[in-house]
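Asks: Respectively, the protein sequence lines represent chains A and B. All residue numbers for the first sequence refer to the numbering used here, where the first residue is 23 and numbers rise by one. All residue numbers for the second sequence refer to the numbering used here, where the first residue is 71 and numbers rise by one.
Treat the hints with care, as some may be off.
What the hints assert, rightly or not - Residues from chain B that face chain A, not an exhaustive set, calculated with beta carbons under 7 Å:
| hint | residue |
| --- | --- |
| 1 | LEU99 |
| 2 | LEU105 |
| 3 | VAL107 |
| 4 | PRO124 |
| 5 | GLY125 |
| 6 | LEU126 |
| 7 | PRO129 |
| 8 | VAL146 |
| 9 | LEU147 |
| 10 | VAL161 |
| 11 | SER171 |
| 12 | PHE217 |
| 13 | LEU284 |
| 14 | ALA288 |
Said to hold, decoys possible - If you anchor each label on the Cβ, the simulated ranges turn out as follows:
| hint | chain 1 | residue 1 | chain 2 | residue 2 | range |
| --- | --- | --- | --- | --- | --- |
| 15 | A | PRO119 | B | LEU99 | 43 to 51 Å |
| 16 | B | GLU135 | A | HIS47 | 20 to 28 Å |
| 17 | B | ARG247 | A | VAL109 | 26 to 34 Å |
| 18 | A | PRO119 | B | PRO276 | 55 to 63 Å |
| 19 | B | ILE199 | A | LEU105 | 30 to 38 Å |
| 20 | B | SER121 | A | PRO119 | 16 to 24 Å |
| 21 | B | GLU135 | A | ALA111 | 50 to 58 Å |
| 22 | A | PRO119 | B | GLY269 | 37 to 45 Å |
| 23 | A | ALA43 | B | PHE278 | 15 to 23 Å |
| 24 | A | VAL32 | B | GLY280 | 44 to 52 Å |
| 25 | B | TRP207 | A | ALA48 | 46 to 54 Å |
| 26 | A | ALA78 | B | GLY269 | 45 to 53 Å |
| 27 | A | VAL109 | B | PHE278 | 35 to 43 Å |
Since the hints were made in silico from the structure, they are not lab data. The model shown is predicted, which means the values in this text are computed figures rather than measured ones. All C-beta atoms in this analysis are idealised placements derived from N, C-alpha and C, irrespective of residue type, glycine included.
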Amino acid sequence: MNTALLYALVGAGLFFLGLYALIVHAHLLRKILAINVMGSGVFLVLVALAARTGEAAPDPVPHAMVITGIVVAVSATALALALALRVQAETGRAELPEEPLE
Amino acid sequence: MAREPGGEKIVNPNPMMSNGNNCQRLFRLLLGLLLAVLAAGLGYVLSSLPSPAPGLSKPVAEHLEASGVSNPVTAVLLNYRAYDTLLELGVLLLAPLGVWSLGVAARHREPLVDPVLDMLARLLVPMLILVAGYLLWAGAHAPGGAFQAGSVLAAAGVLLLLSGWWPGPAFSGLPLRVSLTAGPGVFLVAGVALMFAGGRMLEYPPPFAGALILLIEAAATWSIGITLAALFAGGRPVAGPHR
Chain A
23 MNTALLYALV GAGLFFLGLY ALIVHAHLLR KILAINVMGS GVFLVLVALA ARTGEAAPDP
83 VPHAMVITGI VVAVSATALA LALALRVQAE TGRAELPEEP LE
Chain B
71 MAREPGGEKI VNPNPMMSNG NNCQRLFRLL LGLLLAVLAA GLGYVLSSLP SPAPGLSKPV
131 AEHLEASGVS NPVTAVLLNY RAYDTLLELG VLLLAPLGVW SLGVAARHRE PLVDPVLDML
191 ARLLVPMLIL VAGYLLWAGA HAPGGAFQAG SVLAAAGVLL LLSGWWPGPA FSGLPLRVSL
251 TAGPGVFLVA GVALMFAGGR MLEYPPPFAG ALILLIEAAA TWSIGITLAA LFAGGRPVAG
311 PHR
């Protein structure tokens, strides 16, 4: 097991950890954090898999995608936070309306 | 779960409550098992990928000479996949538009009159601007580039907003909007101008590629920094003298 594979597996684990939290938690801030954890997992997988070139230098294409992805993820998080604040201002609750569990 | 916010609002009788609780626990258990199976499957796929996989690193290295920069990541971002980066900057412009449409920026707290924070901001902000400029310049041949430099610039903006500095009405109007659109704007103008110069969209002629990339990156750095700092402000700036 080499280092790149270890990082990729940790990234996959982070993704599913975030997915679990996204489904389980009702609070919007927790959902936004969960999506961020999922995104970090995806970035980690991409960066780790880029190291499999067999040379010293990694594949630059996934790295370029990740660097733009990080900045776009930050701005999407800001938009999500603004929307969550608006939901709380309108309904008084920082949650989406929940159907009762059958 | 008793800790869930809003859980106490359900006025079900007690037996029903515990029933729902059990249901939720079962749901979480099943969900955890399902996700664990999926994670194991993904882990298996990741570990069975062919190990020496050069990907696109060879074509990138072969054409690096003509790209105008010697850092392969910058070459991919601003040259080979410039169209993709242009659209990313477009997405980055959409985020403040969405935030601005939701409300005005509220100055949540009184400006802190903390001499330590004030001193720190005065010390760090020029340093951060310098680092952003260095990252922008270094991006041509070393790790760095517009996105990293823009993020550092945004950190300076966030620090300023936190320490009570707020852009005056002179900056909140046209200058702010020009700053937000400078990155995608310069990128688009450069791309279309190259079309009229006889090439295809965003096809840099090799002798000018380095200069064009630096120009586009400088505009993108400024835009990214201002965009992220404006997002931190949390709404559109109020017109006129702010209240």
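Asks: Compare the structure with each hint and give your call.
Replies: Verification of the hints:
no., hint, verdict
1, LEU99, "violated, 11 Å"
2, LEU105, "holds, 5 Å"
3, VAL107, "violated, 10 Å"
4, PRO124, "holds, 5 Å"
5, GLY125, "holds, 4 Å"
6, LEU126, "holds, 5 Å"
7, PRO129, "violated, 9 Å"
8, VAL146, "holds, 4 Å"
9, LEU147, "holds, 5 Å"
10, VAL161, "holds, 5 Å"
11, SER171, "violated, 9 Å"
12, PHE217, "holds, 5 Å"
13, LEU284, "violated, 17 Å"
14, ALA288, "violated, 16 Å"
15, PRO119/A - LEU99/B: 43 to 51 Å, "violated, 25 Å"
16, GLU135/B - HIS47/A: 20 to 28 Å, "violated, 51 Å"
17, ARG247/B - VAL109/A: 26 to 34 Å, "holds, 27 Å"
18, PRO119/A - PRO276/B: 55 to 63 Å, "holds, 58 Å"
19, ILE199/B - LEU105/A: 30 to 38 Å, "holds, 31 Å"
20, SER121/B - PRO119/A: 16 to 24 Å, "violated, 49 Å"
21, GLU135/B - ALA111/A: 50 to 58 Å, "holds, 55 Å"
22, PRO119/A - GLY269/B: 37 to 45 Å, "violated, 54 Å"
23, ALA43/A - PHE278/B: 15 to 23 Å, "violated, 49 Å"
24, VAL32/A - GLY280/B: 44 to 52 Å, "violated, 38 Å"
25, TRP207/B - ALA48/A: 46 to 54 Å, "holds, 47 Å"
26, ALA78/A - GLY269/B: 45 to 53 Å, "violated, 34 Å"
27, VAL109/A - PHE278/B: 35 to 43 Å, "violated, 49 Å"
This entry does not satisfy hints 1, 3, 7, 11, 13, 14, 15, 16, 20, 22, 23, 24, 26 and 27, going by the numbered hints stated previously.
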